[in-house]
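Participant: As a plain string of letters, each chain reads:
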Amino acid sequence: MAQSYKLRLEISRWDPDRSKGWVQGYEIEAGGILRFTDVFRKINEELDPTLAWNSSCEHAQCGTCSVLINGRAMLACELLVENAVAQFGTTRFKISPIGVAPVVRDLVVDLEHAYERVHRSKPYVIKRVENPLKGGEYRVSPRTLDRYVEATRCINCFCCAAVCISSNKGFLGPNAMLASIVRMMDPREGEKKERLKLLYSERGLYRCHTSKGCSHVCPKGIDVAHFLALAKQGDFQGGRPAERR
Amino acid sequence: MGKKLRISSKTECDALIIGAGGAGLRFGVELLEHKPGLKIVAVTKVGHPQKSHTNTAQGGLAAVDPEDPFDDPVYHMFDTWKGSDCSADQNIIKKIVESAWEQVIWLENHGMHFSRNEEGRLSKRTFGGHTVRFGEASAFRAIYEADRTGKGIMDTLWFEALKGGISFLNQSVATELLFKGNRCAGAVIFNQKNGKFVTVLSKVTVLATGGSGQLYRVTTNCRQNTGDGVGLTLRAGLPVMDPEAVQFHPTGIVGPGILASETLRSVGGILRNKDLEPFMERYAPAMKELAPRDLVARAIENEIREGRGVVNPDHKIEHVWIDLRHLSDYVHDVQIPEVSGFFKKFVNLNPKKDLCPVRPSNHYHMGGIPTDEFGRVMADKRRPIDSLFAVGECASASFHGFNRLGTNSLLELITMGKFAGQKALEYLDQGVESPEGKPGEKTFGLFSQFLEANGKESVFTLRRELQSLMTEKVGIYRRASGLEEAMERIRELRERAIHAPIENKSLLMNQELILRWELENLLWLAFATARAALERKESRGAHFREDYPERRDEYHHHTLVRMERFGRLEISSRPIDMSLYNKKGAHWERFGILERKY
Ligand SMILES: Cc1cc2nc3c(=O)[nH]c(=O)nc-3n(C[C@H](O)[C@H](O)[C@H](O)COP(=O)(O)OP(=O)(O)OC[C@H]3O[C@@H](n4cnc5c(N)ncnc54)[C@H](O)[C@@H]3O)c2cc1C
Ligand code: SF4
Ligand code: SF4
Numbered sequence: 001m002a003q004s005y006k007l008r009l010e011i012s013r014w015d016p017d018r019s020k021g022w023v024q025g026y027e028i029e030a031g032g033i034l035r036f037t038d039v040f041r042k043i044n045e046e047l048d049p050t051l052a053w054n055s056s057c058e059h060a061q062c063g064t065c066s067v068l069i070n071g072r073a074m075l076a077c078e079l080l081v082e083n084a085v086a087q088f089g090t091t092r093f094k095i096s097p098i099g100v101a102p103v104v105r106d107l108v109v110d111l112e113h114a115y116e117r118v119h120r121s122k123p124y125v126i127k128r129v130e131n132p133l134k135g136g137e138y139r140v141s142p143r144t145l146d147r148y149v150e151a152t153r154c155i156n157c158f159c160c161a162a163v164c165i166s167s168n169k170g171f172l173g174p175n176a177m178l179a180s181i182v183r184m185m186d187p188r189e190g191e192k193k194e195r196l197k198l199l200y201s202e203r204g205l206y207r208c209h210t211s212k213g214c215s216h217v218c219p220k221g222i223d224v225a226h227f228l229a230l231a232k233q234g235d236f237q238g239g240r241p242a243e244r245r
Numbered sequence: 001m002g003k004k005l006r007i008s009s010k011t012e013c014d015a016l017i018i019g020a021g022g023a024g025l026r027f028g029v030e031l032l033e034h035k036p037g038l039k040i041v042a043v044t045k046v047g048h049p050q051k052s053h054t055n056t057a058q059g060g061l062a063a064v065d066p067e068d069p070f071d072d073p074v075y076h077m078f079d080t081w082k083g084s085d086c087s088a089d090q091n092i093i094k095k096i097v098e099s100a101w102e103q104v105i106w107l108e109n110h111g112m113h114f115s116r117n118e119e120g121r122l123s124k125r126t127f128g129g130h131t132v133r134f135g136e137a138s139a140f141r142a143i144y145e146a147d148r149t150g151k152g153i154m155d156t157l158w159f160e161a162l163k164g165g166i167s168f169l170n171q172s173v174a175t176e177l178l179f180k181g182n183r184c185a186g187a188v189i190f191n192q193k194n195g196k197f198v199t200v201l202s203k204v205t206v207l208a209t210g211g212s213g214q215l216y217r218v219t220t221n222c223r224q225n226t227g228d229g230v231g232l233t234l235r236a237g238l239p240v241m242d243p244e245a246v247q248f249h250p251t252g253i254v255g256p257g258i259l260a261s262e263t264l265r266s267v268g269g270i271l272r273n274k275d276l277e278p279f280m281e282r283y284a285p286a287m288k289e290l291a292p293r294d295l296v297a298r299a300i301e302n303e304i305r306e307g308r309g310v311v312n313p314d315h316k317i318e319h320v321w322i323d324l325r326h327l328s329d330y331v332h333d334v335q336i337p338e339v340s341g342f343f344k345k346f347v348n349l350n351p352k353k354d355l356c357p358v359r360p361s362n363h364y365h366m367g368g369i370p371t372d373e374f375g376r377v378m379a380d381k382r383r384p385i386d387s388l389f390a391v392g393e394c395a396s397a398s399f400h401g402f403n404r405l406g407t408n409s410l411l412e413l414i415t416m417g418k419f420a421g422q423k424a425l426e427y428l429d430q431g432v433e434s435p436e437g438k439p440g441e442k443t444f445g446l447f448s449q450f451l452e453a454n455g456k457e458s459v460f461t462l463r464r465e466l467q468s469l470m471t472e473k474v475g476i477y478r479r480a481s482g483l484e485e486a487m488e489r490i491r492e493l494r495e496r497a498i499h500a501p502i503e504n505k506s507l508l509m510n511q512e513l514i515l516r517w518e519l520e521n522l523l524w525l526a527f528a529t530a531r532a533a534l535e536r537k538e539s540r541g542a543h544f545r546e547d548y549p550e551r552r553d554e555y556h557h558h559t560l561v562r563m564e565r566f567g568r569l570e571i572s573s574r575p576i577d578m579s580l581y582n583k584k585g586a587h588w589e590r591f592g593i594l595e596r597k598y
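In order, the protein sequences belong to chains H and S. In terms of the numbering used here, the first sequence opens at residue 1 and continues consecutively. In terms of the numbering used here, the second sequence opens at residue 1 and continues consecutively.
Hints listed in this document are in silico derivations from the structure and should not be mistaken for laboratory results. One or more hints might be untrue.
As the list claims (entries may be wrong) - Among the chain S residues that face chain H by a calculated CB cut under 10 Å, a handful are:
1) V104
2) L349
3) N350
4) Q511
Unchecked claim - Partner residues aside, some chain H positions facing chain S, computed with beta carbon under 7 Å:
5) I33
6) E45
7) L47
8) A52
9) S56
10) C57
11) H59
12) Q61
13) L68
14) F93
15) S96
16) Y115
17) E137
18) H226
19) L230
Since the structure is predicted, the reported quantities are computational estimates derived from the model, not experimental observations. Quick reminder that beta carbons are idealized off the backbone N, C-alpha and C, glycines included.
Make the full structure from the sequences, and use the hints.
Facilitator: Put into structure tokens, the structure is as follows:
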């Protein structure tokens, strides 16, 4: 197994102290199964301690390490060196921050800024319907849950928002829409009117052109565009007829 | 030399949450449920609370459904007590276990997407160590959201925090606790995004900074888990409890250390060494791979130590194999798809065809900041500090004693978070205090040293060296000589760290600077851990001494260590609460000092 690769990474850098941006090349030897986050760490340890990059769990569960690799939005922790070489057919990689928020330094963007859109779409239950079983759980049939459970897997990595052509034009973005669609489909949410207003607002669903860029890049494999398309048609039953209560 | 560090501004709030993970936010949301409109600031080291480590927990959380005809809270209490190697506090066990179901319902009612059974009720599954009728059969007690229970909890809590108006202070670290007499007055926070230090004065403060897995070379923990809360507490002159109680999971995926769940072994995975020998037969002839976590971890570690491990060439880490090749496609595709997926995704191997590399991986810190049953931080054995709380993995109440059962941590977050929040209400009538001394003095002492160092050492190398040292000498196997050597070397590392320069002197999003600060916390925790491990001349739960392989009743107590100055350590003890046993209620005889046999 163990093959090692000589990589050339061209990383977009940004120095906030001097408000200066440039592209810096790094040549580094890396084992095939290192993740790109491992490679960044290796750069820090061996070549340049000042390179800033973001991550947390580093196993594709938190969505902190999203970057553009040769133009494609992805989680750096999920890309192994040997897979990257195979996928892109090269050992040269251009790496830049995802453009969903202002850059703080190098590859680190201001996630708070990006999350602002998700916050606006009110991911929580706005107003609960009355629970027939006081002190117990709401009854939610597994089939009802099945309709939207895929969408609840979103980790807000913003890869979809980074590729969505509409995101720049005031659109709240695919993942923000998804968060609100989940609550439209969640039988516990009692405030559907406000949700509809939100979804069909100026910054809402109509900005989406169903180009499916979002579904294509989602590291969780969520068919984001499908959920958005159904919601545009006012279908919050996941394309299936409403279940009888 | 360099810029003069200073506090840029001062703000006041009702409650300050240091660490906006599961435990911290449950605390905040509890406050808001009683008093909407409170001004609460939640600080997190990551870019947004959702990125906190609670997010990655998979398995589930334990709770006994009162309508379950087979299960009973007393069984859960027993399992926790036994699992802790008779070292958890029984008042805490009782309190947490008895409120577990209510807290699960709370989460569900607030919108968490739990998995459901056919009746639309919460699904339950079994989990290692959880039994009914005192060990007779497996209990269906783990409530879960598919394989992302932690994410479900984290989401529900940050959603509620957002809804209630908690302000998030992201990508920021608390660097110093502030006090006025016996009362905590707030903290100094360093905001990495704007490079500013601010003083936050609060009526109540809670520490909820999570784990400290980065102390070891291979860990299931995230990059930010560097024991900051424990570091802050020690430097404030307050005690830390049972630092030596560190849990290792037997099967972390090499090299990242990603958790490969127990399920791999329960469905028939076989552990093999470099000669492909199924070595568990030698360590546990009857139970083999199904022996308890710590035993399997020790067996693997021993194989590696005796030269029967394999070195992974990319990550340069030794491991053994787990063989899943003989399992049917059904098992692979239906019973272990996620974990199988991890091997594919992170080491590019196909578990149907390839041997997969695993090794023990640091997983959880049972020890931490000692608290009472309300989550109040203890100044000593008996006296709590006013208005300072600690909850979650950084705290130790102690619910887990010397060994934590799977699914009990998430339960602890949401219950202790709630209890502490409730108690904190009592402190809200007082105003904020102005702290003693100069806020920032301790912080600037450290940070200017970091920024001005100009030797030849590298912060990265020092961190690696510390991690290797801890793994070798203060890891799964410990002995007096190794622990003494470790203490000596930790002192040296700290000396060398003083001369480790930072190339970029900026305060703006300077990860090297944060790494240096984290190294300081790790060094403090490392020293306290090694010293406490040396003091405990016995083996108890996850703490295993080769020179004292048995548990000894003379050590039936918690360790308390205090280290206001690095390397100057005072050790004392705190009794283990045995109230379930002493009160002689139903089944009291199950809560005595049990023999450790599975
Ligand atoms: C891979 C994995 C799987 C697990 N699975 C399970 C499971 O199935 N069931 C179970 O019960 N337990 C499980 N656990 C354990 C459990 O997930 C953790 O113990 C728990 O989530 C810790 O929660 P917390 O709120 O204490 O800390 P965290 O969620 O880690 O939150 C800590 C917060 O503090 C912040 N912080 C840290 N330092 C500072 C600082 N200096 N200043 C400001 N903020 C700071 C962090 O950024 C973060 O926001 C698992 C653990 C791991 C690693
Ligand atoms: S389908 Fe819609 S939301 Fe998705 S990328 Fe295209 S425009 Fe954006
Ligand atoms: S929908 Fe997918 S790509 Fe978009 S933020 Fe969520 S997980 Fe990321």
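Participant: Are there hints from earlier that the structure breaks, and if so, what are their numbers?
Facilitator: 3, 7, 13, 14, 15, 18 and 19
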